[in-house]
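> Listed below are the residues making up each chain.
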Amino acid sequence: MDNQPSVSEQEGHVASVVSSEVIISLKKVSKYFGDFQALNGIDLDVHTGERIVICGPSGSGKSTLIRCINRLEEHQEGDIEVTGVKLDENLKNVDKVRSEVGMVFQSFNLFPHLTVLQNCALSPHWVQKMAKSEAEKLAMEYLNRVHIPEQADKYPGQLSGGQQQRVAIARALAMQPKVMLFDEPTSALDPEMIKEVLDTMIELAESGMTMLVVTHEMGFADRVADRIIFMDEGQIVEQNVPQEFFNNPQNERTKLFLSQIL
Amino acid sequence: MNQAATSSIAVRSARWARENLFSSWINTILSIVCIVLIYNVVWGIFSWAILNGVWEAKDRRECFAILGKDENGIPILGACWAGVRVWFNNIMFGRYKDGQWRVILGFLILIIWLIPLWVPGVKRKFLIAAGAIGLYPFLAAYLFLGGERSWFMSFMVPLTIINLVYNTTDWVGDKVFRVSLADTLRWKLVDRIIPEKQHTYALMALFAVLAVIVGYLIRGWGLDHVASVRIGGFFLTLVISGFGITVGLPAGIILALGRRSRLPVIKALTVTFIEVFRSVPLITILFMATAMFPLFMPEGFELNKLTQVIPAVCLFSSCYMAEVVRSGLQAIPKGQYEAASSIGLGYWQSMGLVVMPQALKFMIPNIVGNFIGLFKDTTLVFIVGMFDILAMTRAMSNDVPWRGEFHEPFLLTAVIFFVCCFTMSRYSQRLERKLGGQYK
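In order, the protein sequences belong to chains A and B.
Here the first sequence stands for residues 1 to 262, where the numbers follow my numbering.
Here the second sequence stands for residues 1 to 440, where the numbers follow my numbering.
Same shape as in the complex, but just chain A (with noise of 0.2 angstroms):
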């Protein structure tokens, strides 16, 4: 596949502007879960701006490569570098990649206790040590950015699955972060919750956020992905733009997973 910069032309694509910096870069990255390799030599180069589908069976490893990224889980083997900062066992790197990089769950994880805008605002007055009305006004910015401004103050269990997810990632836009990790962002919702939620992500790759997402909504990867990446069995398969992923797979295993989720 073709890894230099480009700008997408694809009918009904969102545009992107993919620049040349990389901004993620994975070396010969292993993880291993007792005896079970989870991940098996990954390399990877995301470019700023880039938009990354990453799909799979299941077990084939794809949660576990996005959550190395923000060090939830620790590899073993191989570089991680993001934002230029390596990866290891100094903590404050870790604090510092995290402070970069926001990500949403498949199971929201919003703090129950907290209201909507109390959970938005928390990362910003505790972490980037905003005043409290300041950090309040940024997480309102954001959740008028996902479209639920007024359930500001009620309780996160007061809401739906996918207003739930929109906070979750107002939540995690509140922290301005430099990359978005969605792993699975839809899986636990009701079909006609989906949509808002992708809706949501559209909007926020439309304004040049990197992403990469762990999903199987494949409308959505060829909608938005610059590039979509086929993982089995802890192994990069295949990569491709999304035209030539769907219309022209070229591995065996990538066959047939699209035959079976298509």
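It is worth saying that the hints were derived from the structure and are not from the lab.
Heads up, the beta-carbon is just placed ideally off N, CA and C, and yes, glycines get one too.
Be aware that a few hints might be false.
Stated by the list, open to error - Under the rule of at most 20 angstroms between Cα atoms (straight-line distance), these lysine to any residue pairs were calculated in the SDA-like manner: (1) A:Lys96 to A:Gln106; (2) A:Lys96 to B:Trp348; (3) A:Lys92 to B:Tyr337.
Said to hold, decoys possible - Reference excerpt, derived from the structure (chain A facing chain B, CB under 10 angstroms, subset only): (4) Arg71; (5) Leu72; (6) Asn93; (7) Asp95; (8) Val104; (9) Phe105; (10) Phe108; (11) Asn109; (12) Phe111; (13) Leu114; (14) Trp126; (15) Val127; (16) Ala168; (17) Ala174; (18) Leu181.
Stated by the list, open to error - Label-pair restraints from in silico Cβ distances: (19) A:Asp43 to B:Leu263: 28 to 36 angstroms; (20) B:Phe422 to A:Pro191: 49 to 57 angstroms; (21) B:Ala291 to A:Asp35: 48 to 56 angstroms; (22) B:Lys175 to A:Gly84: 35 to 43 angstroms.
Following the hints, put chain B in place on chain A, whose structure we already have.
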């Protein structure tokens, strides 16, 4: 209309009785037996305690004389409250005779301090509670014990009073006049000079300066010294259990976090500590504290009993609390920790802002259950020779004029314990409902 309503109540209660008490032959017999039993017990206690109660007498013999005998020559049973009246002061305060107003004032201050925690809609409850835990003990210690003030106490006592006055004016003003002192200070006055981030520090500095000034102004004024051995009765029970409760929870949280720590040394230390103190009865710990501890101390080094017993009780309660907190922490899903890390919160921040507030909610019933247990367990201190409420009660029964009088003082003690424990239990249920309702 009105008559119809009354009759319908009568009809309804008759129906209720028929359905619930007399629905079958067996039920009817059981109901009648129970009613007779309850009547006998209640009437027996009522006539013993109230109808035949003797309130004025100089000793127990006189009580019997006043009660007299019935026509068959059998002594009439009646409570001799006169003894309890004479001993009431000792049961409440022990041998703390002079300056009991100081004790009462101390507890009044505590109640005033804690009232806002019950009032719905009061802001900054956490700070109020933290002040009560962190500052109040210094004021109380000085009030109860008095004596010469060290430079530290000369600072802490006024600081505590200033904090209380500030809290109280703030929440009362906010509730009654809709003017918050804190907000006025912050937004109207301080914000012009000091940026918002530093407001809390500015306020703390202001308090400290005021405390120094007030401490200097009242330097000539002081309270008489009272020896700590004089503290006894219900007062002692409250002091010991108060320490056990307020130290136990924060220390238990720290121990529980230590036990879950990934650092092996910290983990091993806390596990050993918790397991050792949890597998030893409180009595043993009390004996060790009072009998063995002084053996390890250099000669001439003497601690008074209170300062030996309080740490022992605190140790015991914090180890139990640690296990309660640990169970609460385990109820928090892993996703919460991950979400906290992913938005950049450090360990202490995620614990304090995300995990603990949720875990504490799960733990309320267990925490309060432990508090109640500890409150009752403190009566064990009589074994190391301290005169708490139970020891005072027994002492009364051994007092010459009232020798053998057990029922009355123990009934009083039972009522006092019941009121305290029942209040705690009701409060925890209220708290639970309130916090539980908040999320859904």
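> For the pair B:Ala291 and A:Asp35, does the Cβ-Cβ distance stay inside 48 to 56 angstroms?
This hint holds: roughly 55 angstroms between Cβ atoms.
> If you take the shortest Cβ to Cβ gap from A:Trp126 to chain B, is it below 10 angstroms?
holds, 6 angstroms
> Given A:Ala174 as an interface hint, is its Cβ closer than 10 angstroms to any Cβ of chain B?
holds, 8 angstroms
> Are A:Leu181 and chain B close enough, Cβ to Cβ, to be under 10 angstroms, as the hint says?
holds, 8 angstroms
> Is it true that the C-beta distance of A:Asp43 to B:Leu263 lies inside 28 to 36 angstroms, as the hint says?
With a Cβ separation near 34 angstroms, A:Asp43 and B:Leu263 satisfy 28 to 36 angstroms, so the hint holds.
> Holds or violated: is there a CB of chain B closer than 10 angstroms to the CB of A:Phe105?
Holds, about 6 angstroms.
> Given A:Asn93 as an interface hint, is the shortest Cβ-Cβ distance to chain B below 10 angstroms?
Violated: closest Cβ of chain B sits about 13 angstroms from A:Asn93, beyond 10 angstroms.
> The hint names A:Val104 as touching chain B; please verify it with the least Cβ-Cβ distance against 10 angstroms.
holds, 9 angstroms
> Should the hint that A:Arg71 touches chain B count as held when the rule is a Cβ pair under 10 angstroms?
With a minimum Cβ separation of about 8 angstroms from chain B (threshold 10 angstroms), the hint on A:Arg71 holds.
> For the range 35 to 43 angstroms, tell me whether the beta carbons of B:Lys175 and A:Gly84 fit it or not.
violated, 53 angstroms
> Would the stated hint for A:Ala168 survive a check requiring a Cβ distance to chain B of less than 10 angstroms?
With a minimum Cβ separation of about 8 angstroms from chain B (threshold 10 angstroms), the hint on A:Ala168 holds.
> Given A:Leu114 as an interface hint, is its Cβ closer than 10 angstroms to any Cβ of chain B?
At about 8 angstroms, which falls below the 10 angstroms cut-off, the nearest Cβ of chain B leaves the hint on A:Leu114 intact, so it holds.
Hints 1, 6 and 22 from the earlier list are contradicted by this structure; the remaining hints agree with it.
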